[in-house]
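Trainee: Sequence:
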Amino acid sequence: MVYPQVANRAWRDGADSRTLTCVDLDDLLASQQGVISRAQAHACRLTDRRLEWLVSSGRWQRVHLGVYATFSGPLPYLAWVWAAILRAGPGSVASHRTAAYLDGLCDDPGPVIHVTVPADRYVEPRIDGVRVHFAHRLARTRHPAATPPRTRVEETVLDLVDVAPRPREAETWVTAACQRRLTTPERLADALGRRKKIRWRAMVEAMLADVADGAQSPLELRHLRRVERAHGLPTGHRQRRIAGNRVIWIDVDYPEYRLRVELDGRIGHTGEGRFRDRHRDNRATVDGHATLRYGHADVFGDPCGVAAEQARVLRARGWTRRPRSCGPSCPHPSRDHQGSIPS
Numbered sequence: 001m002v003y004p005q006v007a008n009r010a011w012r013d014g015a016d017s018r019t020l021t022c023v024d025l026d027d028l029l030a031s032q033q034g035v036i037s038r039a040q041a042h043a044c045r046l047t048d049r050r051l052e053w054l055v056s057s058g059r060w061q062r063v064h065l066g067v068y069a070t071f072s073g074p075l076p077y078l079a080w081v082w083a084a085i086l087r088a089g090p091g092s093v094a095s096h097r098t099a100a101y102l103d104g105l106c107d108d109p110g111p112v113i114h115v116t117v118p119a120d121r122y123v124e125p126r127i128d129g130v131r132v133h134f135a136h137r138l139a140r141t142r143h144p145a146a147t148p149p150r151t152r153v154e155e156t157v158l159d160l161v162d163v164a165p166r167p168r169e170a171e172t173w174v175t176a177a178c179q180r181r182l183t184t185p186e187r188l189a190d191a192l193g194r195r196k197k198i199r200w201r202a203m204v205e206a207m208l209a210d211v212a213d214g215a216q217s218p219l220e221l222r223h224l225r226r227v228e229r230a231h232g233l234p235t236g237h238r239q240r241r242i243a244g245n246r247v248i249w250i251d252v253d254y255p256e257y258r259l260r261v262e263l264d265g266r267i268g269h270t271g272e273g274r275f276r277d278r279h280r281d282n283r284a285t286v287d288g289h290a291t292l293r294y295g296h297a298d299v300f301g302d303p304c305g306v307a308a309e310q311a312r313v314l315r316a317r318g319w320t321r322r323p324r325s326c327g328p329s330c331p332h333p334s335r336d337h338q339g340s341i342p343s
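Numbering-wise (UniProt numbering), the sequence shown opens with residue 1 and increments by one.
None of these hints come from the bench; they were simulated from the model.
Incorrect hints may appear among the rest.
Pairs of lysine to aspartate or glutamate, DMTMM-like flavour, derived with a Cα cap of 20 Å [unchecked claim]:
1. Lys196 to Glu154
2. Lys196 to Asp120
3. Lys196 to Asp162
4. Lys196 to Glu186
Each pair of labels, with its calculated beta carbon distance range [claimed, not checked]:
5. Gly295 to Tyr77: 28 to 34 Å
6. Arg195 to Ser56: 46 to 52 Å
7. Ser72 to Arg181: 38 to 44 Å
Note that beta-carbon positions come from the ideal geometry of N, C-alpha and C, so glycine has one too.
Generate coordinates for the entire structure from the input sequences, incorporating the hints supplied.
Mentor: Printed below as a string of structure tokens:
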């Protein structure tokens, strides 16, 4: 019997498909979502003539050249992934957005299947619905047991960072992986250190330090950098857990000044999440805390305005300094060479 992990290992190592026997066929199909390659079919003693009859009779269907689905009707997503991997050949794995979807890193797999093959392999450059990538380090970056075969989650994140066209998209992949608890900043940093070349390296290294300090989304990172640090505001405590009759989480807490800042992305702030937010804000007000709430349009669109509003509340609650200018277009006055602010 060929169990899924055994078939997966054989495909990873490029084992000769003739080592499979005909009694393995049902188990092989179960492990590969009903998809099989011509070489595997030959190993199970199916001739080309038999394969052609199965396809022409409608019992099977040809998905790619030399790859078949052993059923009629639409293919489920995992079957498409297996078909792409089998078409690309032994040693191939799902990668990039496809691997991200398989691991729960994103909720949309995108319009094409991404596979990565060893760099020394030749693969037809055009496979319908499939994007082929090549990697020299694939033996080390592939997951040892996951099925369908795919890259390790840390490598998937870094692959997506490397092809991200904009910094904000790269931020999203890193923070999503940590926020969904699929990996940690430490494991990502370790994987990053083993890569010689990657786009956005300096930004990702800085992000990983910030994420380790508690910032869990691009919105929180933007607030940390462009609102708090850029304007010299006090350093808040991020993702602070407050225990009581009900455990609550504070996005950014300034306990010395009894001020809380909530950063509302779309996830978790609709429906029941919106009710929890209101309950938390009401409780904070009863306890003497002020709550400021900002969304993407505020923090990305007007970080200086957010800083000014926070600064007014902080000063009203005991902060004795003033915000500083973050650049030529910032409305806050610049500090002089001694660090003071002109009156």
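Trainee: What's the verdict on Lys196 and Asp120, does the C-alpha distance respect the 20 Å limit or exceed it?
Mentor: Within the cut-off at roughly 19 Å; holds.
Trainee: Is Lys196 close enough to Glu186, meaning Cα to Cα at most 20 Å?
Mentor: Holds, at about 18 Å.
Trainee: For Lys196 and Glu154, compute the direct alpha-carbon distance and say whether it is at most 20 Å.
Mentor: 15 Å, holds
Trainee: Starting from the range 46 to 52 Å, see whether the pair Arg195 and Ser56 falls in it by beta-carbon distance.
Mentor: 48 Å, holds
Trainee: In this structure, is the beta-carbon distance linking Ser72 and Arg181 contained in 38 to 44 Å?
Mentor: 40 Å, holds
Trainee: Is it true that the CA of Lys196 sits at most 20 Å from the CA of Asp162?
Mentor: 12 Å, holds
Trainee: Indicate whether the distance between the beta carbons of Gly295 and Tyr77 respects the range 28 to 34 Å.
Mentor: For Tyr77 against Gly295, whose Cβ atoms are near 33 Å apart, the range 28 to 34 Å holds.
When the structure is compared with the earlier hints, no violation turns up for any of them.
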